[in-house]
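Trainee: Generate the whole structure from the sequences, applying the supplied hints.
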Amino acid sequence: IAEEKEKRIFKTLILSGVRRGEYLISVLFYPVIFALASVISFPIMVEVDFAKDYPVYLVVASLVALCTILLNLVIGAISETQTQAQVYGLIPMLGLSFLPMFSQVSSEIKKFMDTTFLGVYVDFFNKPDFKLNFDSLGITFAWVVALLALSYWGLKNKKRVQFGKLTIAKLHKLTFFKA
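Sequential numbering from 1 applies to the sequence shown in my numbering.
Simulated from the structure, these hints should not be mistaken for lab results. Some hints here could point you the wrong way.
[Claimed, not checked] Derived DSSO-like pairs: lysine-lysine, alpha-carbon spacing no greater than 30 Å straight-line:
1) K110 x K131
2) K52 x K131
3) K156 x K11
4) K110 x K52
5) K110 x K127
6) K127 x K52
7) K111 x K52
8) K111 x K127
9) K131 x K111
Mentor: Spelled out as structure tokens, the structure:
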């Protein structure tokens, strides 16, 4: 998305009559296909037999993959260039990568992770009595709705949120740096 915005393809598509919903579907199509392929192939590659839990695994892993895709879509939507998208996406992707591991070390990090869409994924693998119900999926569904709304807003909003540059002169004007 950031590349299309940088090269002005996005604006051309919108001006030619492509609706934002259609554009969203076209942008999400291939990532969703690749995510589903990886979700299905993961148990085969690591030789894990989920037996009766395979449908639960498919639901949980698919929702987490969808949230990850939507998070990347939001990052692309708020970025003006590819470089900005890479910079903005670094912290969330590091969090997605390391949060499950750190949650086993600290109960505070575990509490934080339970408020993210990764909580249900980690619970599926760590809790032997994991059950698929609204309580276990509620936060993930809330993330899906919020990320869908943010991605739609990011694609619709013509005025971008300006992240101002902090210069040394502005830094010295801050009150907590004055002696």
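Trainee: Against this structure, judge whether each hint is valid.
Mentor: Going down the list of hints, with the structure as the test:
Distance hint between K110 and K131 is fulfilled; the C-alpha atoms sit about 19 Å from each other, no more than 30 Å. A hinted pair counts as satisfied when its Cα atoms are at most 30 Å apart, and K52 with K131 qualifies at roughly 12 Å. Among the hinted pairs, K156 with K11 is consistent with the structure: their alpha-carbon atoms are about 11 Å apart, no more than 30 Å. A distance of roughly 27 Å separates the Cα atoms of K110 and K52; the hinted pair therefore holds under the 30 Å criterion.
At roughly 13 Å between alpha-carbon atoms, K110 and K127 fall within 30 Å of each other, so this suggested pair holds. Distance check on the hinted pair: K127 and K52 sit about 15 Å apart at the alpha-carbon level, within 30 Å; holds. Between the alpha carbons of K111 and K52 the distance comes to roughly 28 Å, so the proposed pair stays at or under 30 Å and holds. With a C-alpha separation of about 15 Å, the suggested pairing of K111 with K127 holds against the 30 Å cut-off.
This hinted pair checks out: K131 and K111 have alpha carbons roughly 19 Å apart, not beyond 30 Å.
Figure legend: structure checked against the earlier numbered hints; every hint is met.
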